[in-house]
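Enquirer: Sequence:
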Amino acid sequence: MKFDAILKVAVGAFALTASFVINAGTSCNMPDSVLLFSYSKADGRSGLRLAWSEDGIVWNSIADPAGPADAAYDFVSSDFGPWGSHKTMFAPRLYKTSDGWIATWYVSDKKETIAYARSADLINWEPQKYSKKEDSCRLGCCGLRHGEPAGIELGGKRVYGEIIKVPFSLVRNLTGYVKERGSKHRRESELMKDDGNRFAGMSGLTANISLDERKAPYRISDKLIGIFFEDISYAADGGLYAELIQNRDFEYDYSENHKKGWGSSYSWNLSDAAGNRLKMNFSTDNPLHENNPHYLAVSSSARQQRLENTGFDGISVKKGETYDFSMFVRLGNPEDSRKFIVSIITPDGKSVASAKVAAKGSEWQKSAVMLKAKQSVSEARLVLEIPADTRCDIDMVSLFPSNTFNNRKNGLRKDLAQVLADLKPRFVRFPGGCVAHGDGIDNIYDWKGSIGPLESRKPLRNIWNYHQSRGLGYHEYFLFCEDLNAEPLPVLAAGVPCQNSGRSHSGSDSEITSLGQQCGIPMDRMDDYVQDILDLIEYANGPVDSEWGAKRAEAGHPEPFNLKYIGIGNEDMITEVFEERFKYIHDRLKEKHPEIVVIGTVGPFFEGSDYTEGWKFARKENVAMVDEHYYVAPGWYLNNRGYYDSYDRNGPKVYLGEYASHTPDRKNTLEAALSIALYLTDVERNGDVVEMTSYAPLLAKEGHENWRPDMVFFDNDSIRLTPDYHVQKMYGTNSGTVYFPAKASLSEKSEDVSRRFGYSIVKDEESGDVILKVANLLPVTVDVNADLKSLAVCDGEASVSILSGSPAEECTKPYISSVLIEGGVVGFNAGPYSFSVVRIHTAK
Numbered sequence: 001m002k003f004d005a006i007l008k009v010a011v012g013a014f015a016l017t018a019s020f021v022i023n024a025g026t027s028c029n030m031p032d033s034v035l036l037f038s039y040s041k042a043d044g045r046s047g048l049r050l051a052w053s054e055d056g057i058v059w060n061s062i063a064d065p066a067g068p069a070d071a072a073y074d075f076v077s078s079d080f081g082p083w084g085s086h087k088t089m090f091a092p093r094l095y096k097t098s099d100g101w102i103a104t105w106y107v108s109d110k111k112e113t114i115a116y117a118r119s120a121d122l123i124n125w126e127p128q129k130y131s132k133k134e135d136s137c138r139l140g141c142c143g144l145r146h147g148e149p150a151g152i153e154l155g156g157k158r159v160y161g162e163i164i165k166v167p168f169s170l171v172r173n174l175t176g177y178v179k180e181r182g183s184k185h186r187r188e189s190e191l192m193k194d195d196g197n198r199f200a201g202m203s204g205l206t207a208n209i210s211l212d213e214r215k216a217p218y219r220i221s222d223k224l225i226g227i228f229f230e231d232i233s234y235a236a237d238g239g240l241y242a243e244l245i246q247n248r249d250f251e252y253d254y255s256e257n258h259k260k261g262w263g264s265s266y267s268w269n270l271s272d273a274a275g276n277r278l279k280m281n282f283s284t285d286n287p288l289h290e291n292n293p294h295y296l297a298v299s300s301s302a303r304q305q306r307l308e309n310t311g312f313d314g315i316s317v318k319k320g321e322t323y324d325f326s327m328f329v330r331l332g333n334p335e336d337s338r339k340f341i342v343s344i345i346t347p348d349g350k351s352v353a354s355a356k357v358a359a360k361g362s363e364w365q366k367s368a369v370m371l372k373a374k375q376s377v378s379e380a381r382l383v384l385e386i387p388a389d390t391r392c393d394i395d396m397v398s399l400f401p402s403n404t405f406n407n408r409k410n411g412l413r414k415d416l417a418q419v420l421a422d423l424k425p426r427f428v429r430f431p432g433g434c435v436a437h438g439d440g441i442d443n444i445y446d447w448k449g450s451i452g453p454l455e456s457r458k459p460l461r462n463i464w465n466y467h468q469s470r471g472l473g474y475h476e477y478f479l480f481c482e483d484l485n486a487e488p489l490p491v492l493a494a495g496v497p498c499q500n501s502g503r504s505h506s507g508s509d510s511e512i513t514s515l516g517q518q519c520g521i522p523m524d525r526m527d528d529y530v531q532d533i534l535d536l537i538e539y540a541n542g543p544v545d546s547e548w549g550a551k552r553a554e555a556g557h558p559e560p561f562n563l564k565y566i567g568i569g570n571e572d573m574i575t576e577v578f579e580e581r582f583k584y585i586h587d588r589l590k591e592k593h594p595e596i597v598v599i600g601t602v603g604p605f606f607e608g609s610d611y612t613e614g615w616k617f618a619r620k621e622n623v624a625m626v627d628e629h630y631y632v633a634p635g636w637y638l639n640n641r642g643y644y645d646s647y648d649r650n651g652p653k654v655y656l657g658e659y660a661s662h663t664p665d666r667k668n669t670l671e672a673a674l675s676i677a678l679y680l681t682d683v684e685r686n687g688d689v690v691e692m693t694s695y696a697p698l699l700a701k702e703g704h705e706n707w708r709p710d711m712v713f714f715d716n717d718s719i720r721l722t723p724d725y726h727v728q729k730m731y732g733t734n735s736g737t738v739y740f741p742a743k744a745s746l747s748e749k750s751e752d753v754s755r756r757f758g759y760s761i762v763k764d765e766e767s768g769d770v771i772l773k774v775a776n777l778l779p780v781t782v783d784v785n786a787d788l789k790s791l792a793v794c795d796g797e798a799s800v801s802i803l804s805g806s807p808a809e810e811c812t813k814p815y816i817s818s819v820l821i822e823g824g825v826v827g828f829n830a831g832p833y834s835f836s837v838v839r840i841h842t843a844k
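Residue numbers (the working numbering): 1 to 844.
Think of the hints as simulated: they come from the structure by calculation, not from any bench. Every residue gets a Cβ at the ideal spot worked out from N, C-alpha and C, and that includes glycine. Hints are supplied without guarantee of correctness; some may be wrong.
Listed next, the in silico DSSO-like pairs over lysine-lysine satisfying Cα-Cα at most 30 Å (straight line) [unchecked claim]: (1) Lys409 to Lys372; (2) Lys789 to Lys215; (3) Lys41 to Lys129; (4) Lys184 to Lys41; (5) Lys551 to Lys592; (6) Lys564 to Lys458; (7) Lys743 to Lys653; (8) Lys223 to Lys789; (9) Lys132 to Lys111; (10) Lys129 to Lys653; (11) Lys184 to Lys616.
Pair by pair, the computed Cβ-Cβ distance ranges are [to be verified]: (12) Asp422 to Asp524: 44 to 52 Å; (13) Ile57 to Lys111: 29 to 37 Å; (14) Lys184 to Asp422: 36 to 44 Å; (15) Asp109 to Glu180: 33 to 41 Å; (16) Asp135 to Lys414: 53 to 61 Å; (17) Lys132 to Ser85: 17 to 25 Å; (18) Glu607 to Asn286: 53 to 61 Å.
Let's have the full structure, built from the sequences with the hints guiding it.
Expert: Structure follows, in structure tokens:
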């Protein structure tokens with residue numbers, strides 16, 4: 001077996017000058033041992049890097065030989081703390097042990113916290129551990145021998161690290177591994193823009209598809225396609241949640257977002273009758289509710305005052321539609337009564353709806369009135385006219401469309417909810433994602449703070465740097481699932497916050513308790529935390545005479561929500577801290593509610609220490625299902641078609657909870673969507689082990705994106721459906737419950753061709769229809785002939801949905817055509833860069 005040898009470097013100048021070849025079984029004139037140099041970049045912005053030398057003078061970086069001239073490879077990177085400010089490595093050390101290696105490093109330039117990781121081969125690493133410097137001996141490296149401190153010339157720069165003697169065979173293995181990683185990366189970075197060269201001269205192909213009679217049909221999950229709703233990119237407030245007033249509770253806080261003016265007065269303006277801006281005064285004395293402590297305190301004035309709200313990028317109202325206005329008011333004296341005028345006005349001040357709303361007395365009371373818009377306006381404002389000589393306190397100012405999805409009070413924006421309903425999702429994951437386990441222990445999403453009367457709900461700082469009113473809370477979530485006929489899949493923290501946490505919590509006393517997993521919720525508080533999870537199950541499923549079932553009934557839903565699934569953790573680092581807390585929660589849940597399917601987590605990637613350890617831990621603890629995540633390039637999906645083929649059918653099932661295809665520009669192109677369409681044919685084939693999938697993120701408000709790409713973009717008036725949306729809808733509306741193994745014969749046999757052509761044949765037992773899906777990611781037409789006669793398909797015409805176009809397009813939509821079935825054979829042309837779904841009736 002051959003592989004290129006390592007870089008030769010002239011002293012003081014880093015350049016690729018030669019390579020050597022080592023043949024298996026051939027003796028090379030190389031020493032038995034060499035020097036290995038370990039280091040990281042001086043600013044900490046790298047992982048552990050390695051170089052080797054035969055003589056201690058000429059040093060060779062262990063890097064991809066086909067990569068850039070100044071390339072280096074990070075053999076292990078620090079996972080500690082938030083992205084951007086941390087994930088840094090200072091003063092790394094390598095220790096040789098009897099069974100492998102230990103690496104340690106400081107996680108920041110404070111040199112307060114030490115990270116520790118083990119590896120048998122310097123390639124595969126166990127999950128990292130962290131300790132205060134003074135406690136580092138408990139990690140097990142005290143007394144072990146590490147390298148000698150040294151400075152070397154590498155790539156024309158002086159680099160400082162440590163030197164240790166190793167067998168040359170180790171360097172050879174590391175070099176071969178890095179070379180293969182580079183080759184794999186290049187394969188998985190392939191893009192359609194290069195297809196002109198890749199498939200130069202290729203003309204149309206044929207594909208003959210037939211059932212594989214050697215393999216029996218088998219049942220696949222009936223919940224394969226779902227959605228994942230997280231409040232990211234203003235998906236909830238200002239988005240799916242229909243409230244039109246921004247900062248209605250005056251609870252915005254500067255700690256949430258350092259944008260200028262962010263605070264209790266954000267999006268508000270108080271002015272006098274002449275339009276002069278007045279200072280807004282806020283108080284917390286005797287508030288409406290302790291969870292909602294801030295309110296606007298309006299001093300009496302001899303003239304009328306105007307309180308104005310600009311909404312979320314303006315307020316959009318539609319002609320003829322009605323809107324429910326409400327506010328809580330407390331006047332200065334018990335005998336006081338006042339009439340306020342509330343109006344919706346255009347940007348130039350014209351009123352399009354107006355009404356009087358009465359208030360009286362010196363106790364908090366809710367005042368409400370309905371407004372009807374006389375014209376449509378995209379950037380309207382709400383104005384509340386406060387009468388002269390009025391001293392009052394105001395809180396929870398709301399303007400809500402009467403026409404919500406399924407006519408729910410405190411409901412969802414109708415058009416946006418409808419496009420989600422059109423996906424026919426089988427489940428809905430909520431509330432995160434990162435929102436679920438939060439930015440630090442104090443920011444973990446507490447479900448109890450999201451239910452009950454709106455004025456009593458506890459606002460929460462959003463990890464994506466804005467405010468959550470939580471008007472769209474757990475109760476609204478359960479109702480939405482009910483309206484969609486979808487299973488709820490709530491996700492709760494596994495006793496640890498987001499591994500990228502950057503905010504200290506109330507018990508923080510050091511770097512290690514301030515960042516990352518923060519050592520988790522203290523174990524002496526875990527009983528209370530587990531009880532909260534048990535209470536959620538009772539809220540969803542308990543009888544009306546139970547404590548939390550009664551609260552559900554009080555909210556207007558005496559019937560149970562029939563919760564069957566619950567996620568514990570979200571792409572967590574699989575540390576000892578995590579494992580201890582997850583096991584504690586999992587054991588209690590299985591004891592108290594064996595009927596609930598608990599879904600665990602195996603980290604944020606499709607490989608690596610968290611993935612490997614997460615799966616090992618899930619099997620050990622008999623976790624029913626695990627949540628996998630990966631955001632990867634289109635080429636990854638092409639080159640990993642068999643990813644789930646070898647998964648153990650007797651182990652935990654898979655929930656692919658977050659995934660998307662990321663092109664270099666992170667746009668929602670047809671290329672990205674087609675790579676998903678192709679991959680999902682393979683996921684359907686593995687639908688006996690993959691139970692659920694959900695693309696992520698789901699929603700993003702234009703101009704407020706925290707992340708790209710997203711499935712659906714929207715503003716106050718319109719919705720932009722991406723090619724990714726259409727692929728999900730084509731699968732969601734054409735799901736099956738039985739999979740038929742099949743085989744295809746392509747007229748071109750090359751691997752480049754075969755991995756760009758995918759197909760799936762399933763049956764929807766409810767309708768009796770057979771569904772054929774064909775993904776063609778080639779630049780030429782493929783003439784498809786699928787022999788389905790053994791499935792008793794009906795001859796004649798069948799409907800086919802087709803998504804196709806230029807790979808760079810972002811606004812492509814599917815269209816409907818027809819195909820002809822003769823003698824049980826489906827024949828049609830799958831155009832270049834297309835995804836086709838043929839739905840065929842059968843003689844039931």
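Enquirer: Run every hint past the structure and note whether it holds.
Expert: Evaluation of the provided hints:
As the CA atoms of lysine 409 and lysine 372 are separated by approximately 17 Å, the hinted pair is consistent with the 30 Å bound. For the hint pairing lysine 789 with lysine 215, the CA-to-CA distance comes to about 16 Å; that is within 30 Å, so the pair holds. A distance of roughly 21 Å separates the Cα atoms of lysine 41 and lysine 129; the hinted pair therefore holds under the 30 Å criterion. Our distance criterion of 30 Å between C-alpha atoms is met by lysine 184 and lysine 41, whose separation comes to about 25 Å.
Distance restraint check for lysine 551 and lysine 592: the Cα-Cα separation of roughly 20 Å lies within the 30 Å cut-off, and the hinted pair is therefore satisfied. Pair hint lysine 564 plus lysine 458 holds up; C-alpha atoms about 27 Å apart against a cutoff of 30 Å. Taking the CA atoms of lysine 743 and lysine 653, the gap is about 25 Å. The hint holds against a cut of 30 Å. For the hint linking lysine 223 to lysine 789, the alpha-carbon distance of about 28 Å falls within 30 Å, and the restraint holds.
For the hint linking lysine 132 to lysine 111, the alpha-carbon distance of about 9 Å falls within 30 Å, and the restraint holds. Only pairs whose Cα atoms come within 30 Å are accepted, and lysine 129 paired with lysine 653 is accepted, the gap being roughly 28 Å. Restraint check for lysine 184 and lysine 616: satisfied, since their Cα atoms lie roughly 25 Å apart, inside the 30 Å limit. Between aspartate 422 and aspartate 524 the beta carbons are some 48 Å apart, a value that agrees with the proposed interval 44 to 52 Å.
Between isoleucine 57 and lysine 111 the Cβ separation comes to about 31 Å, which falls inside the hinted range of 29 to 37 Å. Taking 36 to 44 Å as the suggested C-beta distance range, the pair lysine 184 and aspartate 422 conforms, at roughly 38 Å. About 34 Å separates the C-beta atoms of aspartate 109 and glutamate 180, a value consistent with the hinted range of 33 to 41 Å. A hinted range of 53 to 61 Å for the beta carbons of aspartate 135 and lysine 414 is consistent with their spacing of about 56 Å.
Range check, lysine 132 to serine 85: Cβ separation about 20 Å, and the 17 to 25 Å hint holds. For the hinted restraint 53 to 61 Å between glutamate 607 and asparagine 286, the CB-CB distance of approximately 56 Å keeps it satisfied.
Hint check: no violations occur; every hint is consistent with the structure.
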